[in-house]
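Build out the structure end to end from the sequences listed, making use of the hints.
The chain contents come next:
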Amino acid sequence: MANKRASMLLAAFTALAVTAGCGSASTGGSNEPEQPANNAGTGAQAETKTEPEAPKEPFKLSIMANLHTPEVPSDKIEKLVEEATNTELDIQWVPDGTYDEKMNASFATGTLPQATYIKNQTSLIMLRDAIRNNQFWEIGPLLEQYPNLSKLNPEVLKNTSVDGKIYALYQERPLSRQGLIYRKDWADKLGLSAPTNVDELYAMLKAFAENDPDGNGAKDTIGLTDRSDLVYGAFKSVSSWFGTPNGWGELDGKLTPEFMFPQYMETMKYIKKLHEEGLINQDFPVTSKTDQQNLLITGKAGAYIGSMGDVVSLDSKITEVNPNALLDVQNKINGPDGKFGIWAIPGYGSVVLFPKSAVKSEDELKNILAFYDKLMSPELANLIYWGVEGEHYTMEGGKVVPIEDTKITDRDVKPYQALQIGGISTIDGFFEAKHLLPAKEKAEQLIVDNNNYLIHDPTAPLDSATFTQDGVRLQELIKDATYKFMLGDIDEAGFQAAVDTWLKQGGQKIIDEFNASYAQAK
Amino acid sequence: MRDTAVGNATLAKTRRNSELLRRLVKNRALYLMILPGFLFFVIFKYIPMGGLVIALQDYQPYLGIMNSPWVGFKHFERLFAEPMFFTILRNTLLLFFMNLLFYFPVPIVLALMLNEVRREMFKRFIQTLVYIPHFMSWVIIVSISFVMLSMDRGIINELLVMMGFEKINFLMSNEWFRPMYVLQIVWREAGWGTIIYLAAMAAIDPGLYEAARMDGANRLRQIWHITLPSIRSVIVVLLILKIGDVLELGFEHIYLLLNSMNREVAEIFDTYVYTAGLRQGQFSFSTAVGFFKSIVGLILVMGANWLSKKVGEEGIY
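Respectively, the protein sequence lines represent chains U and H. First residue of the first sequence? That's 1 in full-length UniProt numbering, and the numbers climb one at a time after it. First residue of the second sequence? That's 1 in full-length UniProt numbering, and the numbers climb one at a time after it.
Hints were generated in silico from the structure; no laboratory data involved. Every residue, glycine too, gets a C-beta built ideally from N, C-alpha and C. No false leads were mixed into what you were given.
Looking from chain H toward chain U, a few residues come up when the C-beta cut is under 7 Å (computed):
id, residue
1, M151
2, D152
3, S260
4, T275
Straight-line C-alpha distance at most 25 Å; calculated DMTMM-like pairs for lysine to aspartate or glutamate:
id, chain 1, residue 1, chain 2, residue 2
5, H, K167, U, E276
6, U, K219, H, E166
7, H, K74, U, E476
Below, the structure is given as structure tokens:
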């Protein structure tokens, strides 16, 4: 069981990182690479036209979802899904970057579609008030009537719940992909093995910066490359290695924010040391993800902490610059106490809500849920995730090998992955991906291994009104202070002062509210 | 007696009304031409102002303006009680005055210089060159300056090191934020800003220059006594309009430059509203802040206009 789950997670990861192939008619083996979207759609349809008229009127369903690709998606897969489910889909694609604004605007004007995707946990938390005010359908009690939807993980559903009631279908995400990616060729040259604790990591970064790992005789390399992101950048992962809780943790039986734990301070000191000694890019608080990755790709930096799945794209770019470069991944880096832990997300990415303003009756809601139930079947899940066999992927030993032309998959398939409900651990028969890159194969295994060491955020299902209102602004205070400490602008007392300000400006209320909610949930 | 008075008044009123109507009919073509503009302002500028009332409510999108609870000045109180309030107000005003002081004269000087260029081809070429930055988005400009100013092998810092100086942390320090902000604006907008001045200068009667030359005035004298006085009213109008934008410092630009290390000098109302309000869906609070900003802007414009009339210029109304 553990193995199966592991391999499933594995596949999900690849798919997310690689961009799966895209679908067209199942009978069509013809590749139509650069054809415009419309033509591709009709071409794919031609062969399935023989199907007799559906006896029932197709059910009309409007959807708003976020688009992760720059181009407008083709409707190839949409057509196939419509046929398989006897639905007439009206999908409103909104670019991911402006999704929340668009959603807020649609909400304010009462024009949300029947199925509204909510971008992530943060966006969902902001809607809690509206959910409480009866703006969305509760679906919890209905789920068991559907064979596929009933397989959704109750733990994750709980993380999306509001006051214990379930309103949303979720899109499964691997719990923790975080780890270290480093230059194996540099490490080999300097006689270093993969770091197993934070001291060895420090030694590696120091050696990368000072012992001329690229052998050009100049001291022009650094150890770690990081970016302006305390969560998905290096900081939060390093802080879990040090044993800091994920967001919130219990201190003397009370929920306390992570930055009040001594381990958080230890992490800041660690990064501060890296910064002082020039082992990390000096501008990391303003570095973009692209620039961060470029430092690794161009051979200026030797280590990257973040999603281990990134190794695929990093590898393909780095070998273009330097064919001899070799990347490897590592997850278990123990803290000073000899223990390893890694922060986890609440298990979901986007969720789907059903606004009462658009879904007028319970019958209509049931129709929509029936659609999602079908969408969660292995056939359709594979279709929206991988595309059409022979066109967007081929099978090798029961595993999926996506086609190499990512332009096609970007246009045909990748957008539709945004519609997925559930995922590899909740859908039996969901295809796994075959990894051609050994480091990727290893990354997938380590991601599964991370599942044994997860640190969860206890506040995910909890509620605090003050946090909803002021959380983002207050978090900025801590973020600023964290960066200032790491760059040496303030000392421990200065950081403590920022924490005190946080407490005074509403933090104490957040603590109290979360603890009340925690006690209630227990 | 009283009847007659009333009768007279009514009569006068009717006459006035018919007078107005007659004039409307007579100039119907003109009024028809105003209509689209008039409607534009009513529909897109005045009607939305009604939305300002949500600053006095706890506005919930699903309840709408009609049903959201009224809370009086709660959101304004929250704004003024905000620990960051004075920092934000100071930053906003300071950036604005720096903008006025260091950016505003640049297009005028540039236009004067361009105006003195006698070779038409060369002048066109330079003009085009200085316009171009205006068409670049802030994202591009900020990215370029990040690449150049970075501590990790940014070209400027590399040069400083080569010349034996210490590296300067341009991007993440309080001291360098304001100069960087103003310089980027000058670089992007100075050329574009010359357009109106050049147009004004083109309208100056060449006879004036001839007469001045006869009197033995050199180029500088001509600029000082003819060109500048001739464009003075344009300068004043543009200055007042600029003041009207007082608190519109360019959200995108500042938001891109803003980071944890320079927040104390870089946070302005727009960026603050974005983090504290919009990202958390707090429409009422955001509206209250925006309203406050507009009032400050209005006061400044009226003040500037009054001042310009005082010194004998025309003003904008």
